Amino acid sequence: MNKQNHMASWKQGIRDSVPIGMSFLVFGGIFGMMALQAGMSSGESVLMSFFVHAGSSQFAVLPMLVEGAGFWTMVMVTFFMNSRHLLMAMSLAPYYSRHNRRFADLIAFFLSDEQYAITYNRIRQAGFDKAYILSVSIFLHLFWALGTWLGSLFGQFLPDPERFGLEFSFTAMFLALTVGLLTSPMRIAVFVGCGAVACLFSLVADSGLHVLGAGLLAFAVGYMRKPAAGSRETEEKERVAG
Amino acid sequence: MNGDVRMLLLILAMGIVTYISRRAFLTLPASFFTARLKNGLDMIPLGIFAALIFPSLFVKGGEWTINPLYAAASVVCVLVMLRWRNVFLGFGISLLLVLVVKALAAV
Chain A
285 MNKQNHMASW KQGIRDSVPI GMSFLVFGGI FGMMALQAGM SSGESVLMSF FVHAGSSQFA
345 VLPMLVEGAG FWTMVMVTFF MNSRHLLMAM SLAPYYSRHN RRFADLIAFF LSDEQYAITY
405 NRIRQAGFDK AYILSVSIFL HLFWALGTWL GSLFGQFLPD PERFGLEFSF TAMFLALTVG
465 LLTSPMRIAV FVGCGAVACL FSLVADSGLH VLGAGLLAFA VGYMRKPAAG SRETEEKERV
525 AG
Chain B
146 MNGDVRMLLL ILAMGIVTYI SRRAFLTLPA SFFTARLKNG LDMIPLGIFA ALIFPSLFVK
206 GGEWTINPLY AAASVVCVLV MLRWRNVFLG FGISLLLVLV VKALAAV
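Chains A and B, in that order, are what the protein sequence lines are.
Note that this note's numbering gives residue 355 to position 71 of the first sequence, counting from 1, and the numbers run on in steps of one.
Note that this note's numbering gives residue 233 to position 88 of the second sequence, counting from 1, and the numbers run on in steps of one.
So that you can see chain A by itself, here it is in the shape it has in the complex (with noise of 0.2 Å):
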């Protein structure tokens, strides 16, 4: 790729990362705040925004602090909270596994859902492009541990996310970028039937592996389909049929 390419593809990535980036500071800063009520230091709050940068399961962790949780257990919630990026990975994999593994080694540090929709959107419209994927990925992590940070200093001064509605944030990206994802009655049933039960899953437990439950669910629905007609495996099983 030449450079102005490139640099083509890291402001398009930062354009498209800012929207959200916006969020990120609200409930970065949110969870700063929050952290110091648990008794985290600023400091400690920006450091698990960074090295961690997983929301949910870093705001879980907080009442369990407070609570005075054993370390492991809060460890062990932290990887269930984030074992369904086992899975979003795993659906990254064919793109991924083309390319050398160091870049992935680096991209696995930055692989949170809203990096994950935002790119994935991308890699499905544009194809697999570094410069793009680095960008949203940097940006958006950089968002979070600032927000973190601003939080944990001026946390009193941050609006209320429910009073504003900007909770809908999240909602409302994910649901822009998984409309051009339905295209077909069968991906539209999949997917409204995967949100019925994630709703149940969560209604018995919030603890994110509703997420995990609801992915595995809609890769189950779509390995047990054949695979589509002309597709290389399709043709071969079939002349071995003959």
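No lab work stands behind these hints: they were computed from the structure.
Treat the numbers as computed from the prediction; the structure is a model and nothing was measured.
A couple of the hints might just be wrong.
Stated by the list, open to error - Lysine to any residue pairs mimicking SDA-like chemistry, simulated, CA-CA at most 20 Å apart:
1) B/Lys205 <-> A/Phe448
2) A/Lys287 <-> A/Ala415
3) B/Lys247 <-> B/Ala216
4) B/Lys247 <-> A/Val310
5) B/Lys205 <-> A/Ala480
6) B/Lys205 <-> A/Leu487
7) B/Lys205 <-> B/Tyr215
8) B/Lys205 <-> A/Asp444
9) A/Lys414 <-> A/Val310
10) B/Lys183 <-> A/Pro378
11) B/Lys183 <-> A/Ala480
12) A/Lys287 <-> A/Gly411
13) B/Lys183 <-> A/Lys287
14) B/Lys205 <-> A/Glu446
15) B/Lys183 <-> A/Ile472
16) B/Lys205 <-> A/Met291
17) B/Lys183 <-> A/Ile407
18) B/Lys247 <-> A/Ile407
19) A/Lys295 <-> B/Lys205
20) B/Lys205 <-> A/Gly411
21) A/Lys414 <-> A/Leu500
22) A/Lys287 <-> A/Phe387
23) B/Lys205 <-> A/Lys414
With the hints as your guide, set chain B onto chain A.
Same frame as chain A, but now just chain B:
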């Protein structure tokens, strides 16, 4: 264990298990990808996004609920996306709708 050291170790351990969950399957050997498996993998984002969207609209505090404003804004988001196929517009217009209605309601 000293509290500060414990916190740093906690951050480190949380970071490691999170990284493992993100890296483990990000690359897989080419022979791994059968047509069936690819079909399955192709569906995963639909399940994941559904689980990130639907409960935020219909479940709160372990109970069924519906937030009419968020539901209406979601419909607007889908319509805008179907018409213009522009993520920025779909995201922006639906979020703006929520922010404006909330701001007006607060007055």
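A quick look at each hint next to the structure:
Taking the CA atoms of B/Lys205 and A/Phe448, the gap is near 17 Å; set against the 20 Å cutoff, the hint holds. Of the pairs offered as hints, the one joining A/Lys287 and A/Ala415 holds, with about 11 Å between alpha carbons and a cut-off of 20 Å not exceeded. Among the hinted pairs, B/Lys247 with B/Ala216 is consistent with the structure: their alpha-carbon atoms are about 14 Å apart, no more than 20 Å. For the suggested pair B/Lys247 and A/Val310, the alpha carbons sit about 17 Å apart, so the restraint of at most 20 Å is met.
Of the supplied pair hints, the one linking B/Lys205 and A/Ala480 holds, its CA atoms being roughly 14 Å apart against a limit of 20 Å. For the given pair, B/Lys205 sits about 8 Å from A/Leu487 by alpha-carbon distance, which is consistent with the 20 Å threshold. Between B/Lys205 and B/Tyr215 the CA atoms are separated by roughly 13 Å; this keeps the pair inside 20 Å, and the hint holds. Using a Cα cut-off of 20 Å, the hinted pair B/Lys205 and A/Asp444 holds, with the two alpha carbons roughly 17 Å apart.
Using a Cα cut-off of 20 Å, the hinted pair A/Lys414 and A/Val310 is violated, with the two alpha carbons roughly 28 Å apart. In summary, the hint linking B/Lys183 to A/Pro378 is supported, as the alpha carbons are separated by about 8 Å, within the 20 Å threshold. With a CA separation close to 24 Å, the supplied pair B/Lys183 and A/Ala480 exceeds the 20 Å bound. Taken as a hint, the A/Lys287 and A/Gly411 pair is honoured in the structure, with Cα atoms around 18 Å apart against an allowance of 20 Å.
A threshold of 20 Å between alpha carbons decides the hint, and for B/Lys183 with A/Lys287 the separation of about 34 Å lies outside it, so the pair is violated. Restraint check for B/Lys205 and A/Glu446: the C-alpha separation of about 13 Å stays at or below 20 Å, so the hint holds. The suggested pairing of B/Lys183 with A/Ile472 holds, with an alpha-carbon distance near 18 Å, which does not exceed 20 Å. Using a Cα cut-off of 20 Å, the hinted pair B/Lys205 and A/Met291 is violated, with the two alpha carbons roughly 43 Å apart.
A distance of roughly 16 Å separates the Cα atoms of B/Lys183 and A/Ile407; the hinted pair therefore holds under the 20 Å criterion. Taking the CA atoms of B/Lys247 and A/Ile407, the gap is near 35 Å; set against the 20 Å cutoff, the hint is violated. A distance of roughly 38 Å separates the Cα atoms of A/Lys295 and B/Lys205; the hinted pair therefore is violated under the 20 Å criterion. For a cut-off of 20 Å, the pair hint linking B/Lys205 to A/Gly411 is broken: about 37 Å separates their Cα positions.
For a cut-off of 20 Å, the pair hint linking A/Lys414 to A/Leu500 is broken: about 28 Å separates their Cα positions. The straight-line distance between the Cα atoms of A/Lys287 and A/Phe387 is roughly 19 Å, inside the 20 Å bound, and the hint therefore holds. This hinted pair does not check out: B/Lys205 and A/Lys414 have alpha carbons roughly 38 Å apart, beyond 20 Å.
Checked against the numbered hints listed earlier, the structure breaks hints 9, 11, 13, 16, 18, 19, 20, 21 and 23; every other hint is satisfied.
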